[in-house]
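Chains as they are written, first to last, in the working numbering: chain A, 1 to 256; chain B, 1001 to 1256; chain C, 2001 to 2256.
Simulated from the structure, these hints should not be mistaken for laboratory data.
Among the hints, a few may not be true.
[Said to hold, decoys possible] Only pairs whose alpha carbons sit at most 27 Å apart, straight line, appear in this in silico BS3-like list of lysine-lysine:
id, chain 1, residue 1, chain 2, residue 2
1, A, Lys13, B, Lys1113
2, C, Lys2053, C, Lys2247
3, A, Lys61, C, Lys2013
4, C, Lys2002, B, Lys1013
5, C, Lys2053, A, Lys2
6, A, Lys213, A, Lys53
7, C, Lys2213, C, Lys2162
8, C, Lys2061, A, Lys213
9, A, Lys213, C, Lys2162
10, B, Lys1162, B, Lys1243
11, C, Lys2061, C, Lys2084
12, C, Lys2084, A, Lys84
13, C, Lys2243, B, Lys1013
14, C, Lys2213, A, Lys247
15, B, Lys1198, B, Lys1053
16, B, Lys1113, C, Lys2061
17, B, Lys1053, B, Lys1002
18, C, Lys2013, A, Lys243
19, C, Lys2084, B, Lys1013
20, C, Lys2061, B, Lys1002
21, B, Lys1002, A, Lys114
22, A, Lys13, A, Lys61
23, C, Lys2213, C, Lys2247
24, C, Lys2247, A, Lys243
25, A, Lys247, B, Lys1195
26, C, Lys2162, B, Lys1114
27, C, Lys2195, C, Lys2205
28, B, Lys1213, A, Lys13
[Claimed, not checked] Computed beta-carbon distance windows for the label pairs:
id, chain 1, residue 1, chain 2, residue 2, range
29, C, Arg2236, B, Val1149, 29 to 37 Å
30, A, Arg236, C, Asp2166, 36 to 44 Å
31, C, Val2255, B, Glu1111, 38 to 46 Å
32, A, Glu106, B, Gly1228, 34 to 42 Å
33, A, Glu242, C, Val2255, 43 to 51 Å
34, A, Glu106, B, Lys1213, 31 to 39 Å
[What the hints assert, rightly or not] Chain C regions said to be covered by chain A (calculated; three or more residues, Cβ under 8 Å):
id, stretch
35, 2071-2085
36, 2121-2128
37, 2143-2155
38, 2213-2219
Backbone N, C-alpha and C fix where the C-beta goes; we use that ideal spot for every residue, glycine too.
Read off the chains here:
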Amino acid sequence: MKIITLLTDFGLKDPHAGIMKGVILSINPDVTIVDISHEVEAQDIREGAFLIKEYYTYFEKGTIHVAIVDPTVGSERRPIVFSKDGHFFIGPDNGIFTLLIDEDTEIYLIENKKFMMRNISTTFHGRDVFAPVAAHLSLGFHLSAFGEVVTDPVCLTDIFPKIETDVIYGEVVRFDRFGNAITNIHASTLNTFIKGKKFRITIGKTSFESIDKSYYEKEVTCLTGSAGYLEFAYYRGSFREEKKVWKGDEVTVRVE
Amino acid sequence: MKIITLLTDFGLKDPHAGIMKGVILSINPDVTIVDISHEVEAQDIREGAFLIKEYYTYFEKGTIHVAIVDPTVGSERRPIVFSKDGHFFIGPDNGIFTLLIDEDTEIYLIENKKFMMRNISTTFHGRDVFAPVAAHLSLGFHLSAFGEVVTDPVCLTDIFPKIETDVIYGEVVRFDRFGNAITNIHASTLNTFIKGKKFRITIGKTSFESIDKSYYEKEVTCLTGSAGYLEFAYYRGSFREEKKVWKGDEVTVRVE
Amino acid sequence: MKIITLLTDFGLKDPHAGIMKGVILSINPDVTIVDISHEVEAQDIREGAFLIKEYYTYFEKGTIHVAIVDPTVGSERRPIVFSKDGHFFIGPDNGIFTLLIDEDTEIYLIENKKFMMRNISTTFHGRDVFAPVAAHLSLGFHLSAFGEVVTDPVCLTDIFPKIETDVIYGEVVRFDRFGNAITNIHASTLNTFIKGKKFRITIGKTSFESIDKSYYEKEVTCLTGSAGYLEFAYYRGSFREEKKVWKGDEVTVRVE
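Assemble the whole structure, with the sequences as input and the hints as a guide.
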């Protein structure tokens, strides 16, 4: 059994995710399709980039992950496919795979028309390009069947925190359903940085001098979330709303 | 493998879609169920009618499509089943299938109690009638097993644009997740109408004298959406909110 | 084929439900996973308790139901597994199973680490404990393999209506997508109470002296909803908004 996962910003009101499933199952009826989310914030490539890194490792190797946040669909932006750690990834070459791609990643352009719908719209490549390519990939085609190698994939340059001698400058990159504010500062970066030192973590007017273990400990907590990134939470409430936090707000970690 | 798709206005908060899946899988465990949307605007039969036409062709022939937007559940409105283009459709006879039904469509009443739940509520026919009928249909029963032929299905009469000599009067029928305003004017109607002529498309105070190809071209675009209907979009924003557009707002296409 | 259902308050924006599916399918690829809802109101254990009772009977016996509304994840609250009516249930021991558990229910603690993820976070037991336990249970392990018997499960004490000689004091426990206000007064309780008597049902300033059969009968209706509980509805509108009703608002049934 092959699994195809879907991450998009198409929302759940429109029939787009359902249509992609129809296209996939028409090509390979034996595939299992798993929705990760269709509620990535509209056109927020960055949010998509962080999410992909969060979920893919929980699937079996061989799983095909389709990720579409694609504000410039219909432009010259390229569709790409690549593999990493035994997983396959398909989506637009617009930076959504920034956190997965490194120098050794062998990326292929999707250009072979025989794996696409006959008529390709300028507005819905999820249906016309990415879904049929995922379905064909699940049938066993090699990556090189889809097109030429891409050596210059688009990567987001401002996605990582800035690390100086005694301070990390990070930011809030997304909110979860409970209003927890999730940053781009990974626990491994944080722990190396503060190891054995006194530190102060600041977001707006709120500061922390220790890391909490779970949400229920205090009213306002600062902890490592389930994806491994530093986050802020408000017990039985929304940190986002209580503290009036916005995406992009600065988060600093200072050591003495 | 048989596929059953579900389109409803039940929402995703309530367990209704999940309950329908339980009912279906209890009768036919081998079926694959695909959610199209459960977020059709509450009780908006018209929106459902346009959506059905948009997705069904992307599934294999033989697929069973259940579509439920059913404000008068529990009344005398009839449950029906029919086939078109090799696909099967099940739902209330309230106009939701207006865009699929023509003179040649052979429609059957759902009245055979042996294909329904033993106790039929007056509030949830998705569970008590439509889900078990879909599951039984997937087992291979013929349409005529469900009931008598229906010769007078309910059709919405105001769903098509009004076409005069030099103007089409259409309207906004729904919005997608991005706030794009989708009209009831199909590209084929539009293209035939404006062929070789100068034209002006107007919605509120906004006018267009050309059709765009994709969303990223300009701030405000007028283009054929993925379902084939004329729509209006706002790049990296919501046309609905920026232009204060409502469902039912008039859209005109004038030629000189 | 085994079915695993998921009920959570994780929402559909975050990848949590998708990650749980990845974990489950990595352990047992042959299972069918059905989403009931991931939109239980955040941290509302009570709402979860009523929902579980509503859907589980519509699945085949042998189905495994995972229910997670877990505000104190990471604390000492216990994870449990039990069976009832041939169905299996997995979730936190915080009262979410109040309406299913009785004296005869044999409940087991989930403590055997070999059925969990290697690293158990303090924030996401859906992924690290409940999903892998559900997957292992679907492979045929006996409940006693997971841990010791629990004899003192947590139950919500204020979940049932208070019944006096001539009045039932109930309350609104949740709203459905249409804004219908659903109470904790079950039809069987109600019918026994009012049998052959004149009665008056009151919520806020609205009263009813009869029970309606379906939503379309009048503008404001009082009827037995699809889950068997007394509810209030507003035809083609939202009772919640029209009548300014809140969760927890008192509902009384008085007989003469």
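How the hints compare with the structure:
no., hint, result
1, A/Lys13 to B/Lys1113, "33 Å, violated"
2, C/Lys2053 to C/Lys2247, "19 Å, holds"
3, A/Lys61 to C/Lys2013, "24 Å, holds"
4, C/Lys2002 to B/Lys1013, "24 Å, holds"
5, C/Lys2053 to A/Lys2, "34 Å, violated"
6, A/Lys213 to A/Lys53, "22 Å, holds"
7, C/Lys2213 to C/Lys2162, "25 Å, holds"
8, C/Lys2061 to A/Lys213, "39 Å, violated"
9, A/Lys213 to C/Lys2162, "40 Å, violated"
10, B/Lys1162 to B/Lys1243, "24 Å, holds"
11, C/Lys2061 to C/Lys2084, "9 Å, holds"
12, C/Lys2084 to A/Lys84, "44 Å, violated"
13, C/Lys2243 to B/Lys1013, "21 Å, holds"
14, C/Lys2213 to A/Lys247, "48 Å, violated"
15, B/Lys1198 to B/Lys1053, "30 Å, violated"
16, B/Lys1113 to C/Lys2061, "24 Å, holds"
17, B/Lys1053 to B/Lys1002, "20 Å, holds"
18, C/Lys2013 to A/Lys243, "21 Å, holds"
19, C/Lys2084 to B/Lys1013, "25 Å, holds"
20, C/Lys2061 to B/Lys1002, "23 Å, holds"
21, B/Lys1002 to A/Lys114, "26 Å, holds"
22, A/Lys13 to A/Lys61, "31 Å, violated"
23, C/Lys2213 to C/Lys2247, "24 Å, holds"
24, C/Lys2247 to A/Lys243, "25 Å, holds"
25, A/Lys247 to B/Lys1195, "47 Å, violated"
26, C/Lys2162 to B/Lys1114, "40 Å, violated"
27, C/Lys2195 to C/Lys2205, "24 Å, holds"
28, B/Lys1213 to A/Lys13, "24 Å, holds"
29, C/Arg2236 to B/Val1149: 29 to 37 Å, "31 Å, holds"
30, A/Arg236 to C/Asp2166: 36 to 44 Å, "37 Å, holds"
31, C/Val2255 to B/Glu1111: 38 to 46 Å, "39 Å, holds"
32, A/Glu106 to B/Gly1228: 34 to 42 Å, "38 Å, holds"
33, A/Glu242 to C/Val2255: 43 to 51 Å, "46 Å, holds"
34, A/Glu106 to B/Lys1213: 31 to 39 Å, "32 Å, holds"
35, 2071-2085, "holds (count 5)"
36, 2121-2128, "holds (count 5)"
37, 2143-2155, "violated (count 0)"
38, 2213-2219, "violated (count 0)"
Of the numbered hints listed earlier, those contradicted by the structure are 1, 5, 8, 9, 12, 14, 15, 22, 25, 26, 37 and 38.
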